[in-house]
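Asker: Protein chains in written order, with this note's numbering: chain A, 322 to 447; chain B, 5 to 909.
No wet-lab data here; the hints were simulated from the structure.
It cannot be assumed that every hint is accurate.
Only pairs whose alpha carbons sit at most 20 Å apart, straight line, appear in this in silico PhoX-like list of lysine-lysine [what the hints assert, rightly or not]:
#, chain 1, residue 1, chain 2, residue 2
1, B, K605, B, K461
2, A, K400, A, K383
3, B, K484, A, K442
4, B, K461, B, K522
5, B, K605, A, K417
6, B, K522, B, K573
7, A, K439, B, K487
8, A, K325, A, K417
9, A, K336, B, K487
10, B, K801, A, K417
11, A, K417, A, K336
12, A, K403, A, K425
13, A, K425, A, K324
14, A, K439, A, K403
15, A, K336, A, K325
16, A, K442, A, K324
17, B, K487, B, K461
18, A, K417, A, K324
19, A, K336, B, K461
20, B, K484, A, K439
21, A, K325, A, K400
Sample of chain B residues facing chain A (criterion: CB under 7 Å; computed from the structure) [claimed, not checked]:
#, residue
22, H470
23, R473
24, T474
25, L476
26, T477
27, T525
28, A716
A few chain A residues that don't get close to chain B, going by computed Cβ distances all over 10 Å [said to hold, decoys possible]:
#, residue
29, Q323
30, E332
31, M337
32, L338
33, D348
34, E353
35, L355
36, Q368
37, R391
38, I392
39, E421
40, K430
C-beta: ideal position from N, C-alpha, C; glycine also.
Given next are the chains, with one letter for each unit.
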Amino acid sequence: MQKKILIVDDEVHIKMLLEQTLEELEDEFGVELLTASDGEEGLELIQNERPDLVFLDIMMPKMNGYEVCRIVMEDESLKDVKIILLTAKGQEVDRKQGLELGAKMYMTKPFDPDEILKVSKDLLDL
Amino acid sequence: MSLIEHVFTTWRSMGVVRKFAAALGSMLALILFVAAMGFVALSVLEQKAGDIVAHSMRMQRLALEVDSRLQLARQAERDFILRLGDLGVEAARSAYAAEFTERIGDARRNVVWLQEMERFSGVRQGRSASTARLAELHDGLDRYSTHFRVLADTVSLTGAGSPEVRRMTGEMDADYLHLSSQVHQLAISAADTAQSAHEAIGRYSRMVKHGLVGSVLLALLLAGSIIHVLNRTVARNVVRLSDAATELSLGNLEARVPVRSHDEFGQLGQSLNVMAERMTALVGELEGAAAVASDRLMEAIDSISEGFALYDHRGRLVLANRQMRDVADRASVSLREGMRIEQVLRLLAESGQFINAMGREEEWVTAHLSHFRTAGPPLEEPMGDGAWLTVNIYHTGRGEAVVIISDVTEHKRHDMDMASMASDLEDLVRQRTKVLVEKAMELRQANRRLMELDKLKSSFLSSVSHELRTPLTSLLGFSKLIKRDFSRTFMPLAGGAEQVRLGRRIEANLDIIGSEGKRLTRLINDVLDLSRIESGREKWRFMEVDPSEAVGSAMEAASGMFSARPEVKLVVRRFDRVPAVHFDPDRLQQVLINLLSNAAKFTEAGEVSLDLYLDEQGRVRICVQDTGCGIDDDNLEHVFDKFHQVPQGDTLTHKPSGTGLGLAISRQIVEHYGGSIWAESDGRRGTAMHVALPVAAPDGKRLVLVVDDDPAMREHLSMILKRAGYGVRTASGGREALDQAARRIPDLVTMDLLMPGMDGRETMLRFKGDPALTRIPIIVISALGDNADLGDAVLLKPIDGDAFVDAVRALLGDGGVCRPMLVLGGPAGARTGILACLEGDGVTLCSASDLQDLLDRGFAGTVLVPRSQAGEVDLTHICSLPGVQVLLLPDALAADSPAPSVRPS
């Protein structure tokens with residue numbers, strides 16, 4: 322079954338960076354890449370497409386990443402969706418809050434493309 | 005004479021004790037002397053008596069002996085005469101003459117003995133008479149013997165019957181009678197001698213009696229004189245001393261002690277006399293001083309500018325100084341000692357000098373009298389000549405009254421001037437106050453603005469960091485992607501050396517972008533870090549940290565840096581076992597990594613050495629020493645300033661290679677945890693960075709071991725416990741928990757059930773199986789579905805902080821309940837260990853239906869449910885209620901504690 326990765330970020334460049342980083346998986350393993358530019362769009366895509374992995378920015382217009390994460394975690398039908406939170410914040414409190422919500426990981430900007438690639442492979446069992 | 009004088013001098017110079025000793029000695033000697041005298045006299049008497057008795061007895065015995073010999077001789081003579089007829093002359097002669105001669109010889113010998121005795125006897129009386137008698141006896145015997153021989157011869161010539169013979173026989177009879185009477189005389193004289201001896205003994209004994217009486221009289225005389233002398237030297241002296249002391253004590257300082265002896269009494273008397281002299285001198289001095297003081301006091305009272313008067317307790321004037329008299333003179337009143345205060349006041353009132361008294365003299369006098377008696381507040385009196393006086397009354401402890409009158413004319417004038425000035429001043433002050441209030445308001449506004457600015461700064465920093473991070477992410481990410489694509493796709497296409505060289509340069513430049521971007525990231529992180537610390541928003545964690553672990557992991561983290569630079573070696577010089585410190589382990593590591601990386605950075609080649617030890621002040625000391633270029637003294641302190649980097653030679657060629665914030669942050673961190681950090685540098689030969697941290701004191705707090713594999717949960721529970729005043733250690737798994745417990749036995753354990761490796765269940769079994777740990781109460785932190793049948797209490801997630809603390813306190817017997825508690829099942833439920841220590845109004849026992857009721861009415865607090873009764877209530881529902889914490893009590897406990905101590909409310 323084709324794996325899906327969803328990238329949710331309002332920053333075009335970050336979205337591009339992640340897309341280009343993960344292109345390798347698209348080419349190699351046929352992973353499908355989806356993108357969304359705000360929380361609401363992201364949530365809609367998650368609910369419709371049920372991606373395996375979501376890179377979720379926290380500070381976004383319309384609905385922030387925590388909110389999206391909380392809704393996804395509360396939805397029993399979405400329990401297989403793994404979420405990686407991406408944020409420019411780096412404080413311990415933020416990290417704790419994120420992990421308590423049920424996110425798999427919490428990555429601080431600036432992140433290393435190689436790391437993104439490695440983590441994605443691990444979480445998707447590729 | 006001189007001997008007597010000498011004795012007297014010696015006696016005087018003797019001490020009292022020696023005098024007594026000497027007197028007693030003399031008495032004893034006297035007694036001994038008298039006794040010896042008596043003894044000697046008696047023994048002499050005894051001897052004399054013995055001698056006399058023996059002598060007279062011998063005399064008598066010898067006299068009787070002589071008498072018996074004489075009778076035997078007479079018998080022989082008789083027989084000779086009588087037997088002449090039948091024996092014949094010759095035969096009678098041979099038969100009796102010899103016997104006669106022998107008897108006479110015996111008698112003569114006895115007489116000679118008596119003569120000898122007489123000659124050597126000590127008895128004088130009648131010696132010459134008895135000597136003469138003995139001589140006569142001796143001669144008589146000779147004659148008797150001669151007569152017998154002549155008789156015998158005559159008989160043999162003439163025959164027995166011749167007249168010659170008869171005549172001679174008659175002579176011989178006369179001889180014998182004479183001799184016999186002599187002998188009798190002798191015996192009588194011996195008896196006389198005994199009589200005279202008896203008389204002599206009587207004489208001697210009289211002599212002895214006289215002697216003894218004389219000795220006793222002499223002894224009495226001597227004893228009397230000794231007593232007299234003692235009385236003179238001791239008793240009289242004591243009386244004199246006591247008299248003198250009594251006199252002195254009665255105040256007669258003239259009294260002296262007339263004791264002149266050199267003994268203790270003499271010394272005592274002298275001391276007393278000296279003392280009396282000194283007292284006399286002292287009293288004289290004191291009297292002089294008192295007179296001077298009194299004069300001085302009077303002068304002083306006269307010299308004060310105020311009028312001064314002293315009235316006794318009956319209101320009579322005792323003394324008044326010159327100024328007081330002057331005031332009275334102004335009113336034409338002359339003050340005399342002994343005047344009554346009423347009299348003085350009346351005279352003053354009538355003088356017309358006191359304006360207040362004019363026309364109402366009586367009232368004025370009454371007012372001043374009451375003022376005088378009550379010593380009320382000072383009274384002011386305007387005078388007719390324009391002067392102002394104030395009258396002050398003070399009462400002394402003895403009921404006397406002091407009147408002070410001061411001239412306050414000047415003050416009054418000043419006061420009037422001041423009054424006009426004061427109103428001006430008030431206006432001024434009012435104006436100033438208004439200005440000040442305005443300024444204060446401005447300041448408050450400025451302060452508010454400053455606080456807003458500070459908030460703005462913080463949010464600016466955080467948003468700037470966000471805004472900077474996002475483009476940095478793109479920058480770093482894309483440069484990496486570019487390099488990847490370039491290396492993979494374009495480099496292989498490069499034909500020719502020039503293109504390859506250019507390709508490599510592009511790659512190198514992309515690396516530079518990457519590394520510079522990372523440096524920028526570090527800078528942002530440091531700035532944020534520092535701003536958080538400085539603004540006090542940093543949430544400091546306090547944990548017990550083993551410094552050796554922190555040093556170890558810091559060295560591991562820095563090892564990459566050192567392996568990249570083989571010319572710099574990292575050496576551990578000293579690594580002692582040190583006690584734990586209170587610190588945030590991440591922060592401690594941050595500081596140590598910073599020090600190590602600085603040392604590596606500023607050492608071109610050489611070594612960086614590290615020491616860990618306990619210094620003399622008992623602090624944990626970590627020292628990182630490099631062999632780099634060193635820091636000069638002026639800059640040693642500045643290295644901890646923000647953005648300060650010591651200029652190294654040419655600033656154009658040596659670019660600073662750090663953010664310049666590392667040491668500033670390190671100092672903030674170390675000082676926050678009560679430690680200190682400083683730099684030492686020995687000229688240009690390297691730098692030593694020292695960190696000294698206070699040892700974590702064993703604080704006497706109860707220790708709780710939090711066992712959970714979830715770091716967030718550990719953190720959360722630790723924080724709650726620390727806030728409640730407990731010491732906390734944490735373990736991320738069963739094995740670590742056992743390790744921790746072995747190192748220091750905790751007072752309580754909180755246990756997560758689902759853990760990787762050794763899970764909670766097995767850990768608890770290990771705890772309960774270890775005799776050292778079996779008594780430690782364990783709280784199981786569990787989700788509802790878990791089968792939690794071990795532990796002393798089970799706290800169901802989600803955890804409420806206060807309820808958690810309540811449970812911990814209850815299990816530790818600390819008492820005190822933060823939140824109300826409902827106990828399901830009534831007394832049966834109460835008979836559990838955890839409840840034994842819960843008391844008070846916060847605890848309510850209830851049945852299942854009561855519980856439901858209370859919950860429906862919005863109860864917020866802890867619900868204690870014995871496991872056996874868990875089925876009676878809907879735990880899922882209760883757990884989901886806001887503000888309600890469920891605590892399950894395993895049944896194992898229900899059997900233990902004997903008596904419920906919970907009072908139903």
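Asker: Each hint needs a verdict: does it hold in this structure or not?
Answerer: We went through each hint and held it up to the structure:
Proposed proximity of B:K605 and B:K461 is contradicted: the alpha carbons are some 33 Å apart, above 20 Å. Note on A:K400 and A:K383: the hinted pairing is violated, with a Cα-Cα distance of about 23 Å set against a maximum of 20 Å. Straight-line distance between C-alpha atoms of B:K484 and A:K442 comes to about 19 Å, which keeps the hinted pair within the 20 Å bound. Only pairs whose Cα atoms come within 20 Å are accepted, and B:K461 paired with B:K522 is rejected, the gap being roughly 24 Å.
For the given pair, B:K605 sits about 34 Å from A:K417 by alpha-carbon distance, which is inconsistent with the 20 Å threshold. Simply put, B:K522 and B:K573 have alpha-carbon atoms about 25 Å apart, too far for the 20 Å limit, and the pair is violated. The suggested pairing of A:K439 with B:K487 holds, with an alpha-carbon distance near 18 Å, which does not exceed 20 Å. With a C-alpha separation of about 27 Å, the suggested pairing of A:K325 with A:K417 is violated against the 20 Å cut-off.
Taking the CA atoms of A:K336 and B:K487, the gap is near 19 Å; set against the 20 Å cutoff, the hint holds. Distance check on the hinted pair: B:K801 and A:K417 sit about 18 Å apart at the alpha-carbon level, within 20 Å; holds. Of the pairs offered as hints, the one joining A:K417 and A:K336 is violated, with about 25 Å between alpha carbons and a cut-off of 20 Å exceeded. Note on A:K403 and A:K425: the hinted pairing holds, with a Cα-Cα distance of about 6 Å set against a maximum of 20 Å.
For the hint pairing A:K425 with A:K324, the CA-to-CA distance comes to about 17 Å; that is within 20 Å, so the pair holds. Note on A:K439 and A:K403: the hinted pairing holds, with a Cα-Cα distance of about 15 Å set against a maximum of 20 Å. Restraint check for A:K336 and A:K325: satisfied, since their Cα atoms lie roughly 15 Å apart, inside the 20 Å limit. Taken as a hint, the A:K442 and A:K324 pair is honoured in the structure, with Cα atoms around 11 Å apart against an allowance of 20 Å.
Distance restraint check for B:K487 and B:K461: the Cα-Cα separation of roughly 37 Å exceeds the 20 Å cut-off, and the hinted pair is therefore not satisfied. About 28 Å separates the Cα atoms of A:K417 and A:K324, which puts this hinted pair outside 20 Å; it is violated. The suggested pairing of A:K336 with B:K461 is violated, with an alpha-carbon distance near 29 Å, which exceeds 20 Å. For the proposed pair B:K484 and A:K439, the alpha carbon gap of about 15 Å is at most 20 Å, so the pair holds.
For the suggested pair A:K325 and A:K400, the alpha carbons sit about 15 Å apart, so the restraint of at most 20 Å is met. Here the hint on B:H470 is kept, as its CB sits about 4 Å from the closest CB of chain A, short of 7 Å. At a threshold of 7 Å, the smallest CB-CB gap from B:R473 to chain A is about 4 Å, leaving the interface hint in force. Given the 7 Å rule on beta carbons, the hint for B:T474 holds: about 5 Å separates it from the nearest Cβ of chain A.
Using the Cβ-Cβ criterion of 7 Å, the hint placing B:L476 at the interface with chain A is satisfied: the shortest such distance is roughly 5 Å. At about 4 Å, the closest approach between the beta carbon of B:T477 and any beta carbon in chain A falls short of 7 Å, and the interface hint on this residue holds. The restraint placing B:T525 at the interface with chain A holds, with a minimum CB-CB distance near 6 Å, inside the 7 Å limit. Hint status for B:A716 relative to chain A: holds, with the closest Cβ pair at about 5 Å, below 7 Å.
The Cβ of A:Q323 lies farther than 10 Å from every Cβ of chain B, with a closest approach of about 24 Å, so its non-interface assignment holds. Listed as outside the interface, A:E332 is inconsistent with that label: its C-beta sits roughly 5 Å from the nearest C-beta of chain B, within the 10 Å cut-off. Residue-level check failed: A:M337 sits 8 Å from the nearest beta carbon of chain B, not beyond 10 Å. With a cut of 10 Å on Cβ distances, A:L338 falls inside the contact zone with chain B, its closest approach being about 4 Å.
Every CB of chain B is more than 10 Å from the CB of A:D348 (nearest about 12 Å), matching its label as outside the interface. At roughly 20 Å, the least C-beta separation between A:E353 and chain B is larger than 10 Å, which holds for a residue marked as non-interface. Remark: the non-interface label on A:L355 is consistent with the geometry, its nearest Cβ contact in chain B lying 19 Å away (cut-off 10 Å). A:Q368, annotated as away from the interface, keeps every beta carbon of chain B farther than 10 Å; the closest lies near 25 Å.
Residue placement check: A:R391 keeps its beta carbon more than 10 Å from all beta carbons of chain B (closest about 15 Å). The claim that A:I392 lies off the interface holds: its Cβ sits roughly 19 Å from the closest Cβ of chain B, which is beyond the 10 Å cut-off. The beta carbon of A:E421 sits about 6 Å from the closest Cβ of chain B, which is not more than 10 Å, so the claim that it is off the interface is violated. Some Cβ of chain B comes within 10 Å of the Cβ of A:K430; the nearest lies about 4 Å off, and the non-interface call is violated.
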